[in-house]
Amino acid sequence: MADSSTETLFETPLASLHRELGGRMVPFAGYLMPVQYPAGIMAEHLHCRAAASLFDVSHMGQAELIGEGAAAALERVTPADVQSLKPGRQKYGLLTTDDGGILDDFMVANLGERLFLVVNASRKHVDLPRIESALPAGVTLRPLPDRALIALQGPGAVAAIATLAPGIAELPFMGVGSFNIAGVAALVSRSGYTGEDGVEVSVPAEQAEAFARAVLALPGVLPAGLGARDSLRLEAGLCLYGNDIDETTSAVEAALTWTIGKRRRTEWNFPGADRVRDELANGAKRLRVGIRPEGRQPARGHTPIHTPGGVAPQGAPVNSAIGEITSGGFGPSLNGPMAMGYVARDHAADGTALELMVRGKALPAVVAPMPFIPHRYAR
Amino acid sequence: MSETKFSRDHEWVRLDGGVATIGITDHAQNALGDVVFVDLPEVGREVAAGESIAVVESVKAASDVYAPIAGKIVEVNSALGENPGTINAAPTTDGWFFRIEASNPAEVAALMDEAEYAAFVDTLA
Numbered sequence: 001m002a003d004s005s006t007e008t009l010f011e012t013p014l015a016s017l018h019r020e021l022g023g024r025m026v027p028f029a030g031y032l033m034p035v036q037y038p039a040g041i042m043a044e045h046l047h048c049r050a051a052a053s054l055f056d057v058s059h060m061g062q063a064e065l066i067g068e069g070a071a072a073a074l075e076r077v078t079p080a081d082v083q084s085l086k087p088g089r090q091k092y093g094l095l096t097t098d099d100g101g102i103l104d105d106f107m108v109a110n111l112g113e114r115l116f117l118v119v120n121a122s123r124k125h126v127d128l129p130r131i132e133s134a135l136p137a138g139v140t141l142r143p144l145p146d147r148a149l150i151a152l153q154g155p156g157a158v159a160a161i162a163t164l165a166p167g168i169a170e171l172p173f174m175g176v177g178s179f180n181i182a183g184v185a186a187l188v189s190r191s192g193y194t195g196e197d198g199v200e201v202s203v204p205a206e207q208a209e210a211f212a213r214a215v216l217a218l219p220g221v222l223p224a225g226l227g228a229r230d231s232l233r234l235e236a237g238l239c240l241y242g243n244d245i246d247e248t249t250s251a252v253e254a255a256l257t258w259t260i261g262k263r264r265r266t267e268w269n270f271p272g273a274d275r276v277r278d279e280l281a282n283g284a285k286r287l288r289v290g291i292r293p294e295g296r297q298p299a300r301g302h303t304p305i306h307t308p309g310g311v312a313p314q315g316a317p318v319n320s321a322i323g324e325i326t327s328g329g330f331g332p333s334l335n336g337p338m339a340m341g342y343v344a345r346d347h348a349a350d351g352t353a354l355e356l357m358v359r360g361k362a363l364p365a366v367v368a369p370m371p372f373i374p375h376r377y378a379r
Numbered sequence: 001m002s003e004t005k006f007s008r009d010h011e012w013v014r015l016d017g018g019v020a021t022i023g024i025t026d027h028a029q030n031a032l033g034d035v036v037f038v039d040l041p042e043v044g045r046e047v048a049a050g051e052s053i054a055v056v057e058s059v060k061a062a063s064d065v066y067a068p069i070a071g072k073i074v075e076v077n078s079a080l081g082e083n084p085g086t087i088n089a090a091p092t093t094d095g096w097f098f099r100i101e102a103s104n105p106a107e108v109a110a111l112m113d114e115a116e117y118a119a120f121v122d123t124l125a
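Line order of the protein sequences matches chains A and B. Per the working numbering, the first sequence runs over residues 1 to 379. Per the working numbering, the second sequence runs over residues 1 to 125.
One chain only, chain B, in its complex shape (with noise of 0.2 Å):
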């Protein structure tokens, strides 16, 4: 498995096999507080870059995740639906959003390393 990089948009991915694992960073799922409710895409959407395709709610607002590289949706975390506290305990492991078949696996090398994220999440403070 190769490294993890970051989004703008605060997700990570890890690309496996030209199969990218996407959920939120730990800064974004303390930014929202608590999740309630997650609505994931459906498998088979072929979806684009910066595109919305999944929300988090909160209790208190919902939030859009958005596809950080093009492809096809090829699974969703479905234990998401039962148990959404996964997102906020284990944001980058156990509480991945969906796996994403990339078009163009350069696009993941494209987005942010972890000390590049790192300095990007400071630049918001």
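Next comes chain A alone, as it looks inside the complex (with noise of 0.2 Å):
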């Protein structure tokens, strides 16, 4: 990331309450955002895991896209098949580039007379400029910059939030609809960043501090960081944009194809649908793939990735990288270091041994099928 310290960084509605619980705040995609709380990344992990955490994620960008066609018109920029989209269900897409880069990873939702997107803070400035060119006349999209997102997440979220809105509970995994929680006019989808079974709630800006103070109030919950997300979403083996994914990666080589509908796959009329076509009929040189380092060492992004005696005692490659890692830490549920990168395609086969040059030294790995802890989404 840019250096923060000459921009101006925004707050997000919690700001004063992440202050009020301690949080360690941080610059992260130009906004102030709570890392950790004193409790740490560690038992905030953990507690998310065993109860339900919540999280603060209204950085994130949120829009609506009104008017007759305007399923068809985000088919414009994106592989998703948003057409067979039900109302009351949500899913994840890409943005592509015309390059068939990824522009950016983005959820959707039918909400009957509307379409209700999220996209990544880091790429509002990027995504929303491309849909709007996208739409023909009589299609709106409209930014929610007053609407703050706040994520429960756990196996008791669901049941800690449905004691002050019953209706929740009934949601099926990707399914959205709008609650009454405390008094706050709320829109829920079942889904998350944690593999965890949990809800993400869309709230007016104005009732986010009531709103969350009433979900912290609920037994069990507690508040986690960013810090804690980013392991647990590691662990579920999803992918972070500008690390894991970016305008070089294509949906093929991010092992993300199944977000291209099968219609999609048959019209071909996305941006970039040539890059992927070619990938999908010739192999892609380099796929994302899971990897665990042996031991305890952590290997961070950016550390290359070797074939086994790829690189000498004395840390000198002898051969050249076959890749990278792109997001890569330990695991606390894991209880070890977890790491995914792009490889070769020749290497990329599960139990395939691989060596990570970290700081010099080779690091023998495996690759490794993700999520490393498994999804306990409702079904």
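Please keep in mind that the hints were generated in silico from the structure rather than gathered at the bench. Treat the hints with care, as some may be off.
Unchecked claim - In silico negatives: residues of chain A with every beta carbon more than 12 Å from chain B:
(1) Asp98
(2) Pro143
(3) Ala210
(4) Asp246
(5) Ala273
To be verified - Covered stretches of chain B (chain A as the covering partner; in silico rule of three or more C-beta atoms under 8 Å from a C-beta of chain A):
(6) 69-78
(7) 108-117
We treat Cβ as the ideally placed atom computed from N, Cα and C, and that holds for glycine.
Build the complex from these two chains, which are given one at a time in their own frames, with help from the hints.
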């Protein structure tokens, strides 16, 4: 990220609550966000897997797409099948570049009379003009900067929030609905970024703090910061835009082909379809894979990946790297190091031995299936 | 054992008979967060003051640990391999990192005392 000391950082509507809770505020995607609270990343991560954790994700971009033909219009900038999305349902998709790279990943929900979008904080300034540029007359994109987004994640999350709005318990995974929660008109989706059951709740900014306090008062709910959010999503094998996917990676390379609708793979009318079509037919040169380093030492983003014997004992590479780690760290629930990254296709099969070049030493590792911790979504 | 001294890299140093025991301060472990791995130097290695000789990994990030004084590594705390969390739980006692036979014990005397280090940490807030 660019030097943040010279730029003005935005705050979310929960900034004063974060400080009151002892949050350690750091710059992230142009926002001042809590990386952790006094409990620490490890405890916050484990609490989310055991009970329920509240995350402020209000930095993310929210928008509505309104008008006849909104779904077809959105398909001009994404390979997702938006037109088949039923009312009350949400799906994950990619915005693609004309060259077949990934402009962003996003969520789209069908609210009946309109579509509701959630995009990454760091990309909203790119995404929204891109979507806008694809719209025909009669379809309008309306950014929603006055809304906060709060995630409640964990095996106890839905039971906890359902004490305030019982209907939430009836939502299926990736279901969306409007609820009155503690007097706040909220848009709730049963989804998240941790691999656990849970919800993401969009509320008016001016009511966000009252809403968050009401949720934090529920039994078993504790706040968690961006640090735990990152280790949780990596254990769940989920991509972070800017690390694991960007404008140079394709949906096929990123192992996100499943986000491309079947119909879209017959029409080939999305941005970058030529590259995707070629990679599906002939294989991508590289693929995103899960990686488990041996022992307990983590290998972080940008660590070069070699074949075994590719690094001499004194640390000099004897052959060129076959890839690079894009996200890596320590998994508190896994109780060990984990990473994801891109490797040449010939080295992408589960169980393939690798060597990671960490601070001049070869660290043995193996290609491993993701998620590292099984998803526990409501089904 | 002499008084505990402190470096600007947030290490504490205690000299005892020409051998300095070194670890990271409570301020440092708190800033790092939960430590999950530590990479310690080899015993017998000659190190220069200011040289990066160990790495401490938290859930979030890797950080270098520097030799606050010149000398030879005579012992490392291998118990940290099994229990890196000791660095968080007891940073200034059981969580020590390594022992350096000081080339020049006067280097230790030149480090900050506890009050000076506390004032230094305050300037970082």
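Verification of the hints:
no.	hint	verdict
1	Asp98	holds (36 Å)
2	Pro143	holds (31 Å)
3	Ala210	holds (30 Å)
4	Asp246	holds (21 Å)
5	Ala273	holds (39 Å)
6	69-78	violated (count 0)
7	108-117	violated (count 0)
Of the hints listed earlier, those the structure fails to meet are numbers 6 and 7, in rising order.
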